Structure formats: structure tokens, C-alpha cells
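There are 4 protein chains.
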Amino acid sequence: MSKQSAVSNQQHLHRAAAQRTVQVSAILETTFYVRFAETDLMGIVHHSQYVVWMEEGRSDFMRRKGFAFDQWEAANIGFAVSELNLRYHAPARYGERVTVRTWIESLRSRQIVFRYEIVNADSRQELVTGTVKLIAVDRQNQVRTIPQEVQKLLAVSG
Amino acid sequence: MSKQSAVSNQQHLHRAAAQRTVQVSAILETTFYVRFAETDLMGIVHHSQYVVWMEEGRSDFMRRKGFAFDQWEAANIGFAVSELNLRYHAPARYGERVTVRTWIESLRSRQIVFRYEIVNADSRQELVTGTVKLIAVDRQNQVRTIPQEVQKLLAVSG
Amino acid sequence: MSKQSAVSNQQHLHRAAAQRTVQVSAILETTFYVRFAETDLMGIVHHSQYVVWMEEGRSDFMRRKGFAFDQWEAANIGFAVSELNLRYHAPARYGERVTVRTWIESLRSRQIVFRYEIVNADSRQELVTGTVKLIAVDRQNQVRTIPQEVQKLLAVSG
Amino acid sequence: MSKQSAVSNQQHLHRAAAQRTVQVSAILETTFYVRFAETDLMGIVHHSQYVVWMEEGRSDFMRRKGFAFDQWEAANIGFAVSELNLRYHAPARYGERVTVRTWIESLRSRQIVFRYEIVNADSRQELVTGTVKLIAVDRQNQVRTIPQEVQKLLAVSG
Chain A
1 MSKQSAVSNQ
11 QHLHRAAAQR
21 TVQVSAILET
31 TFYVRFAETD
41 LMGIVHHSQY
51 VVWMEEGRSD
61 FMRRKGFAFD
71 QWEAANIGFA
81 VSELNLRYHA
91 PARYGERVTV
101 RTWIESLRSR
111 QIVFRYEIVN
121 ADSRQELVTG
131 TVKLIAVDRQ
141 NQVRTIPQEV
151 QKLLAVSG
Chain B
1 MSKQSAVSNQ
11 QHLHRAAAQR
21 TVQVSAILET
31 TFYVRFAETD
41 LMGIVHHSQY
51 VVWMEEGRSD
61 FMRRKGFAFD
71 QWEAANIGFA
81 VSELNLRYHA
91 PARYGERVTV
101 RTWIESLRSR
111 QIVFRYEIVN
121 ADSRQELVTG
131 TVKLIAVDRQ
141 NQVRTIPQEV
151 QKLLAVSG
Chain C
1 MSKQSAVSNQ
11 QHLHRAAAQR
21 TVQVSAILET
31 TFYVRFAETD
41 LMGIVHHSQY
51 VVWMEEGRSD
61 FMRRKGFAFD
71 QWEAANIGFA
81 VSELNLRYHA
91 PARYGERVTV
101 RTWIESLRSR
111 QIVFRYEIVN
121 ADSRQELVTG
131 TVKLIAVDRQ
141 NQVRTIPQEV
151 QKLLAVSG
Chain D
1 MSKQSAVSNQ
11 QHLHRAAAQR
21 TVQVSAILET
31 TFYVRFAETD
41 LMGIVHHSQY
51 VVWMEEGRSD
61 FMRRKGFAFD
71 QWEAANIGFA
81 VSELNLRYHA
91 PARYGERVTV
101 RTWIESLRSR
111 QIVFRYEIVN
121 ADSRQELVTG
131 TVKLIAVDRQ
141 NQVRTIPQEV
151 QKLLAVSG
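Sequences listed follow chains A, B, C and D, in order.
Going by our numbering, the first sequence opens with residue 1, and the numbers climb by one from there.
Going by our numbering, the second sequence opens with residue 1, and the numbers climb by one from there.
Going by our numbering, the third sequence opens with residue 1, and the numbers climb by one from there.
Going by our numbering, the fourth sequence opens with residue 1, and the numbers climb by one from there.
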């Protein structure tokens, strides 16, 4: 999908996010409570924890797109994390519910960039934004191509 | 509440658990997906993770009983973990949903014992069972008494 | 090794621990700083973290006994955690160094019980004590026997 | 410090890193074993774990510069994580020792950027590189200025 059509798509679907980023998939939301163990002595969620939440958003995205982990395994596709970027805007705290908003920012034959927006589930205050770049690899950790039909399923339609 | 009436209560409500333990509260269930980050190189959920899940079961129990964390803080009651016991029956794996079944096994003026049964949410296979003993403390970490009305709210009625 | 000789051994080596437990191996110590991420909003180390530290004590014990993980793998021996018991005496805090004291409490053909004492590395204050029971399994997760020569190497001599 | 003098300094000390980054402090190294609990079902260290290691490198850096955490607290200076960027080059595995190389890339009145290079402690293979941007805040989470004398102690001389 071209960058242009992605921009066009996001204009209709997700205005707020669209102002900042391109998007080649639906935005899916995953909501859960902050766990006590996720906090640190500053009284807030530890900054490493958002990386785990982003991964959970991605897992949920894949499940809802119909890709269970055992299917990836059977198809001999794994995804190695290549880059990670986070911006911290406000802290999450124990007792709050957070929503991870997950979408695909770019999808190429051998890599996917997911973008995230983590917000307070109730106030919708923005807490953390970020991206993760994944490289498709086989069991021998060699870079491989994501099959066309998988690329289609991951991309925009819903 | 006497041990006898607790046993009587659980006979009606929760037969399987009743065979093994007494119970002075309802059993509340909390269900979620296993996170990728919770696994280890054996391909299963790391054994320390169940301790976090038990705590999340306890948090959910408290929330549904109407006790938000900030209320505990305002009332100057905290709970210090005093003992932890787990038995591992079968491993949880990524891709599965687990259910943490949480109830109070004993409730005394200064301590609570929670009992847990963690099962596969779909097959109901038993994965881990355990208990945690909590001591009520104030902000200065001094042992204190759990107010009568709190004890009543935590106990059996639902 | 008989229970008696274990007791005799520990009398010379480790008086404090000897008062409570039998011991069929040397006690090895592993010391490290508390990590910031290991704390929670109570300002202390989260209670699940001691389980990870006990495992790290066990890893270090095995390494110093000459058993690298790849050797276990090559010998098709894994260890599944079967039981976990912890008693919390005092909290560890960020900025402190802790020492995990690890020894084998019982060693049978198919299972090992490790006992731990986690202390403040400087004051030697006791923080947490506990045990973990491990079952020897092969790659198919079937219970198997720990080879005689391995049992000998793990046991008492140093 | 100008980029040029930083490069000059690091040429003598740390050639590989010098090619990519400026540096306004010494590079300090912190070495430890990978923990079993830090791995995931891919058999490698989970990508969120490097964030914790970077923080541990930073803690060690601060300790060796003479700043204990309670001194920061007493001085009413905290550091809020503002940005995090990681590049993953090769995975760490259980059984390996890793070295976190930590230095200050930029130091301004209200923020510090730490840069990290995480390498295999034995082969020196590069595993992960990254930066974290910290904002100096007081107890009320208001941005504040890092005292001049602290800035001097953190910066280049050793």
C-alpha cells in the first residue's frame, strides 16, 4: 500500500492519530488494569513496563486479525524486534485502567512497524507513544519474506 | 466466621475447591491472556509469574468488593506479604487464557490468607494452586487491626 | 549422605542456617545490587522478585559446581519447578546489596530441594527464607533420574 | 564539551563507540550474568529486559560517581524518563555474561541523555545500543535544574 492511500484511509478512520502518523491498518484497542507489580518506588508504572504492554497490544492485534501464535510457528515465521522508540508523556498508576491503541504504520515485504498510543482508559489522557520495528525471520533466524496473503490480512481492511 | 460455617458455605458454592480448603469469602475469577514476556526459554510461563497473577487476582477481588487502593491508603491500611506457597501442577503457555480463582481462606483481626487456583480458562485444567498470607500494617509498617466493617465486607456474602 | 553427616558438616560451616535446616551441599553465596525496576510503589522490592533471585542463586550454584546450562541440555536433563515456599522477614530496598545463600536441602534420585536465605549483604539482616522443589525431567517433560555422578557433584563436598 | 574533543577523548578509550557518538563522561562498564527469568520462549532475552539493564548500568554509573539514591532524594532531585530508543543487533542468551557500557552523551541544565552499548562480556559482540533521556524533576514532578556541582561531577573527568 502506498503512503498516500494509507493517509487517505486514516483520515476517515482515526483522526487524532492521523494528525501525527500514517497508518496501514485499523487501530485496535486493548484495555486492562495496571498491575501492582508493574509499579516502582516512584509510585508510578516502571518505564520498562510499557514495552511489555506494547507487545501485549501487538499480540491482541494479531489474535483479532486471526493469527494465533501457533499458526506463525507452523508457517515458520517469527518476528525479531529490531528497533524500539518510546516517548513518555505522563505516568500510569496502580488502580488505573490503560488502553493500548495499536496499528501498523508501515508494512513491507520483510518488516512491520507497529505504532502505539497508550492512554488512560477513562480520561483518554496520552501516557506513552512509541513504535517497534519487527523483522520477519525463519526458525534459523534468517530474514524472510512475509507471504502476500498475510500482508493483505494485516493491512487496512479492519 | 467460624470454620464450620465457612465449610458449609463452600459446600453450596464451590464444590471442587471445598474438597481441599476452607473458605470465608466468595470465589472471584479473573481471566486474561498469557503475555509473551511472561514466558521463558523452556517455552512455558516462568514460575515467578504466577506470583504476579495471584496478586492481580487479589487486586481484582478487592476492586470488586469495593475497595480501591486509594481507600486503603486513606484508611492507613497496607498489607505486607508474609508467606507465599505455590504448587505447580501443569504449565501455562503463550496463546492461552488463564483464570485466577481467588478467595479468602482465613481472615483474622490482623492477617488475611488468600487461596488461589489458577486454571486454563478454556479447559479448566489446574495449573497452579497456592496461598499468600498478608499482615495488615500502617504507614510506619507497624502491625495493625483490620477494622470490623472491612472484615465484614471482605467475608463471605458475595 | 546421611542427615547426620549433613548436620555435622553445617555445624562447622554455617551455624545460623544449621539451626533450622539440614543441608547436603555447601552453601554458596551470590551477591548483587537491588535493581530499581525490582521495587514497587511501597518503596520496597516486590515480593515476586525474590523468586527470581532464588533462581539466580541456583544458577550461580550450578555454574560454580561446573554445570553450565548447555551441559544439562546436552544430557537431556531439565528441572521443572514443583513447589515454592517463601517467608518474608524484612524488605530489601533500592540502593542495598543483597546476598542469596543457596544450598541443597535434599537430593533424591528424581528431585532436588534447594533452600535459600536472602540477607542484606552488609548488615547480614535476614530478609527472606524459602525453598524450591525441582523435579528432573527430560525434553518430553517426563520425570527421569538424575545420574549418580551428577548427584555426587551436587552434593556436599564444596 | 565539543563533539571534537569528545571524539578525541574516546579515541583513546573506546574506539568502537567513538565512531558513532559524542560523549561527555567516562564510559563505565557493568557486567553480570543473564538471568533465566529474563529469557522468553524464543530462547533469547526478552527485548524489554534490555531497558532494565540500561537502568542498572545507569544506577551503577551513579553509584561509582558517588551519588547514592538517598542523596538524590535528600537533594530533592529525581529523574523522569522522557525518551527511550533501542536498536537490537544480536540476542543475549541464558548462560552468557553481558556488559552494559554506560556514558553521558549530553548533559544540560535540566536533562541528561545516557547512551548505552550492551555487549557480550566475553566476545564483546554488540547486542543492543540505545539512549535514554531523563528530565530532572523535584518531588512535585516539576522540572528543575541540576545543580552546577552535580553537573560537574557527572561530566567527563572519570
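In short, the hints are calculated from the structure, not lab data.
Hints are not guaranteed to be accurate.
Just so you know, same-sequence chains aren't split out, so a pair can sit in one copy or run between any two.
Think about it this way: if two alpha-carbon atoms lie no more than 20 Å apart in a straight line, the pair counts; the simulated EDC-like pairs of lysine to aspartate or glutamate are [unchecked claim]: (1) Lys-65 <-> Glu-96; (2) Lys-65 <-> Glu-126; (3) Lys-152 <-> Glu-83; (4) Lys-152 <-> Glu-126; (5) Lys-65 <-> Glu-29.
Keep in mind that this is a model prediction, so the values were computed, not measured.
Structure-based check of each hint:
no., hint, verdict
1, Lys-65 <-> Glu-96, "between (27 Å within a copy, 16 Å between copies)"
2, Lys-65 <-> Glu-126, "neither (25 Å within a copy, 29 Å between copies)"
3, Lys-152 <-> Glu-83, "neither (23 Å within a copy, 33 Å between copies)"
4, Lys-152 <-> Glu-126, "neither (30 Å within a copy, 35 Å between copies)"
5, Lys-65 <-> Glu-29, "within (13 Å within a copy, 27 Å between copies)"
Consistency note: the structure conflicts with the earlier hints numbered 2, 3 and 4.
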